[in-house]
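Number of protein chains: 2
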Amino acid sequence: MKPMIFSLPGNEGLADALAGRLGGERGKAIVRRFPDGESYARIESSVEGRAVILCCTLDRPDEKVLPLLFLAATAKDLGAARAGLVAPYLAYMRQDRRFEPGEGITSVYFARLLSGTVDWLVTVDPHLHRRASLSEIYPIPTRVIHAAPLISRWIRENIASPVLIGPDSESAQWVSEIAAVAGAPYLVLEKIRRGDREVEVSVPETDRWRSYTPVLVDDIISTGRTMIETVGHLRRAGLAKPVCIGIHAIFADRAEEDLREAGASRVVTCNTIPHPSNGIDLGDLLAEEVRNVEGAA
Amino acid sequence: MKPMIFSLPGNEGLADALAGRLGGERGKAIVRRFPDGESYARIESSVEGRAVILCCTLDRPDEKVLPLLFLAATAKDLGAARAGLVAPYLAYMRQDRRFEPGEGITSVYFARLLSGTVDWLVTVDPHLHRRASLSEIYPIPTRVIHAAPLISRWIRENIASPVLIGPDSESAQWVSEIAAVAGAPYLVLEKIRRGDREVEVSVPETDRWRSYTPVLVDDIISTGRTMIETVGHLRRAGLAKPVCIGIHAIFADRAEEDLREAGASRVVTCNTIPHPSNGIDLGDLLAEEVRNVEGAA
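Line order of the protein sequences matches chains A and B.
One rule links them: number in the working numbering = place in the first sequence (from 1) + 1124.
One rule links them: number in the working numbering = place in the second sequence (from 1) + 1124.
Treat the hints with caution; some may be incorrect.
To be verified - Simulated pairs of lysine to aspartate or glutamate, DMTMM-like, Cα-Cα distance not exceeding 20 Å:
| no. | chain 1 | residue 1 | chain 2 | residue 2 |
| --- | --- | --- | --- | --- |
| 1 | A | Lys-1152 | A | Glu-1136 |
| 2 | B | Lys-1152 | A | Glu-1224 |
| 3 | A | Lys-1126 | A | Asp-1160 |
| 4 | A | Lys-1200 | B | Asp-1220 |
| 5 | A | Lys-1365 | A | Glu-1381 |
| 6 | A | Lys-1152 | B | Glu-1329 |
| 7 | A | Lys-1365 | A | Glu-1353 |
| 8 | B | Lys-1126 | B | Glu-1385 |
| 9 | B | Lys-1126 | B | Glu-1168 |
| 10 | B | Lys-1152 | A | Glu-1227 |
| 11 | B | Lys-1200 | A | Glu-1322 |
| 12 | A | Lys-1200 | B | Glu-1172 |
| 13 | A | Lys-1200 | B | Glu-1224 |
| 14 | A | Lys-1200 | A | Asp-1243 |
| 15 | B | Lys-1315 | B | Glu-1281 |
| 16 | B | Lys-1315 | B | Asp-1292 |
| 17 | B | Lys-1126 | B | Glu-1172 |
| 18 | B | Lys-1365 | B | Glu-1329 |
| 19 | A | Lys-1126 | A | Glu-1224 |
| 20 | B | Lys-1126 | B | Glu-1136 |
| 21 | A | Lys-1315 | A | Asp-1342 |
| 22 | B | Lys-1200 | A | Glu-1224 |
| 23 | A | Lys-1200 | A | Asp-1220 |
| 24 | B | Lys-1126 | B | Glu-1149 |
| 25 | B | Lys-1200 | A | Glu-1227 |
| 26 | A | Lys-1315 | A | Asp-1292 |
| 27 | B | Lys-1200 | B | Glu-1172 |
| 28 | B | Lys-1315 | B | Asp-1342 |
| 29 | A | Lys-1152 | B | Glu-1168 |
Stated by the list, open to error - Derived Cβ-Cβ restraints for the label pairs, each shown as a range:
| no. | chain 1 | residue 1 | chain 2 | residue 2 | range |
| --- | --- | --- | --- | --- | --- |
| 30 | A | Glu-1172 | B | Glu-1294 | 34 to 42 Å |
| 31 | B | Met-1125 | A | Ala-1421 | 33 to 41 Å |
| 32 | B | Arg-1334 | A | Gly-1134 | 27 to 35 Å |
Rather than coming from a laboratory, the hints here were simulated on the basis of the structure.
Backbone N, C-alpha and C define an ideal beta-carbon position, used for all residues, glycine too.
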């Protein structure tokens, strides 16, 4: 039987895209909030014996978690064979160890909560810093999609003379890979320490890059501070207005406006979090991994 | 060793009250939200080997649950002997069965979530309709406090000539019990059906009650619709402006203003949810039950 695909509020586009690509059926569910702030969940389609796929990207996760877990639990109560989760943006990946004494390792607690109700997870480029893979914290089957190849393709197809920018030496590897696939050069900014507190950021071989369009790439644009600073360095060095690309469009506070005001000519993101800046569609890759994980289930 | 008591944001008064009564220590914790909407939890006091008590009333529960569960998990990660929860208002008690096909039984799912991390639960008058006790849905030890005796005492001490009002026949038993302990009379409104759709509510023996102060009591004042209607019936019958008492001060939307505009002379609640209307203090009862459940742990 074909899987039945449900969207949590705001994820209708993702659910439609997956249903189309997987030949799945769109399930009908009601998820709403009562006046007292509690959530209500009801599944109107018959899910008995069927594979259920829930679509819910997890930016601003705190208020989304109960409705999501309630819908998954309801599906299983109603006899669904299993309930998988497609969360193109996965929350709580940053706190993956105790940086200060007494801190909660929320990535582990969050993984435990989701895994208690959901049977598998498909996501896009989770913020894995100190972990080699999601399976270190998620006991359920997980599949991870990498957006880099599609970002490279977007750059190749949309920017005439791009130069990829690495804001610091840490980013060199990731930026060089995207640049290679895009067939574009890249440069890494240099931090020069002047005295105890002053750090100057310089753009090497400035003259060489004046006719190029700088392209900045980051995984998450949240407050956008690092990217905004980098845009400033490039502009002060006399380079063209850069294009800023993010995988996950969190855009906390005024991040997008600030980025444009700093001098970004364009802000483009992947469609892991619905946002007007979404310009790179990951639907095919998501559908492929859902097919894989469902096939293995 | 004395228990260590932590407050989630907004529950500082409850934590202080319990610490004073139990001779417990107030623990230091940081719970805050990042700009991207994720929560951060850190315990600054040493909890190793100690009983931890978390104070978190659960009105508007969806955004409170992750910080609460994270703090409980952190305490246990840091070696706490156990982590109990004092939630004077317990959320998700209404959806205790499938009223319509396909509905999620959220009271059970919510109980499962809390019980996965928290070791015991103390609450006040949970909205138990079709369940005999909390233990039918909560696998962890639970203790329930009943506010009725303190409401009766408040009425006896604050209202000169009270008459308790039952808005319908279903409420008769509960209202008669409070009235008996308050040493006050009570009356139950009558619904008279006129034709198919029209229902008239009448106040029996109106003349007898004109010099009394009507007192309305309900467990939860959420939108306050029932109470507002009842206030209207009493006013139209020519009775004095009533006093409205609730255990749990949810006050969704404009409930409190609407209640006063309908003709309530006073709105008084127990302090299970911090609110300016709190006039009945349950601190002693809460401390007693925490002592009991901790003693049994």
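Structure-based check of all given hints:
The hinted pair formed by A:Lys-1152 and A:Glu-1136 meets the criterion: a straight-line CA distance of about 11 Å does not exceed 20 Å. Taking the CA atoms of B:Lys-1152 and A:Glu-1224, the gap is near 14 Å; set against the 20 Å cutoff, the hint holds. Our distance criterion of 20 Å between C-alpha atoms is broken by A:Lys-1126 and A:Asp-1160, whose separation comes to about 37 Å. In summary, the hint linking A:Lys-1200 to B:Asp-1220 is supported, as the alpha carbons are separated by about 17 Å, within the 20 Å threshold.
This hinted pair checks out: A:Lys-1365 and A:Glu-1381 have alpha carbons roughly 15 Å apart, not beyond 20 Å. About 52 Å separates the Cα atoms of A:Lys-1152 and B:Glu-1329, which puts this hinted pair outside 20 Å; it is violated. For the hint pairing A:Lys-1365 with A:Glu-1353, the CA-to-CA distance comes to about 13 Å; that is within 20 Å, so the pair holds. The hinted pair formed by B:Lys-1126 and B:Glu-1385 fails the criterion: a straight-line CA distance of about 48 Å is larger than 20 Å.
For the given pair, B:Lys-1126 sits about 17 Å from B:Glu-1168 by alpha-carbon distance, which is consistent with the 20 Å threshold. Only pairs whose Cα atoms come within 20 Å are accepted, and B:Lys-1152 paired with A:Glu-1227 is accepted, the gap being roughly 12 Å. A distance of roughly 43 Å separates the Cα atoms of B:Lys-1200 and A:Glu-1322; the hinted pair therefore is violated under the 20 Å criterion. Of the supplied pair hints, the one linking A:Lys-1200 and B:Glu-1172 is violated, its CA atoms being roughly 38 Å apart against a limit of 20 Å.
For the proposed pair A:Lys-1200 and B:Glu-1224, the alpha carbon gap of about 17 Å is at most 20 Å, so the pair holds. Simply put, A:Lys-1200 and A:Asp-1243 have alpha-carbon atoms about 10 Å apart, close enough for the 20 Å limit, and the pair holds. For the given pair, B:Lys-1315 sits about 32 Å from B:Glu-1281 by alpha-carbon distance, which is inconsistent with the 20 Å threshold. About 7 Å separates the Cα atoms of B:Lys-1315 and B:Asp-1292, which keeps this hinted pair within 20 Å; it holds.
The hinted pair formed by B:Lys-1126 and B:Glu-1172 meets the criterion: a straight-line CA distance of about 12 Å does not exceed 20 Å. Taking the CA atoms of B:Lys-1365 and B:Glu-1329, the gap is near 17 Å; set against the 20 Å cutoff, the hint holds. Taking the CA atoms of A:Lys-1126 and A:Glu-1224, the gap is about 48 Å. The hint is violated against a cut of 20 Å. Annotation: proposed proximity of B:Lys-1126 to B:Glu-1136 holds, straight-line Cα distance about 18 Å (limit 20 Å).
As the CA atoms of A:Lys-1315 and A:Asp-1342 are separated by approximately 19 Å, the hinted pair is consistent with the 20 Å bound. With a C-alpha separation of about 17 Å, the suggested pair B:Lys-1200 and A:Glu-1224 falls inside the 20 Å cut-off, and the hint holds. Straight-line distance between C-alpha atoms of A:Lys-1200 and A:Asp-1220 comes to about 30 Å, which puts the hinted pair past the 20 Å bound. Taking the CA atoms of B:Lys-1126 and B:Glu-1149, the gap is near 7 Å; set against the 20 Å cutoff, the hint holds.
The suggested pairing of B:Lys-1200 with A:Glu-1227 holds, with an alpha-carbon distance near 12 Å, which does not exceed 20 Å. Restraint check for A:Lys-1315 and A:Asp-1292: satisfied, since their Cα atoms lie roughly 7 Å apart, inside the 20 Å limit. Between B:Lys-1200 and B:Glu-1172, the direct Cα distance comes to roughly 8 Å. Compliance with the 20 Å bound is thereby established for this hinted pair. Proximity of B:Lys-1315 to B:Asp-1342 is assessed by CA-CA distance (about 19 Å); at most 20 Å being required, the pair is judged to hold.
A hinted pair counts as satisfied when its Cα atoms are at most 20 Å apart, and A:Lys-1152 with B:Glu-1168 does not qualify at roughly 46 Å. Between A:Glu-1172 and B:Glu-1294 the CB atoms are about 36 Å apart, so this pair conforms to the stated range of 34 to 42 Å. A hinted range of 33 to 41 Å for the beta carbons of B:Met-1125 and A:Ala-1421 is inconsistent with their spacing of about 48 Å. Look at B:Arg-1334 against A:Gly-1134: about 55 Å separates their beta carbons, and that is not inside 27 to 35 Å.
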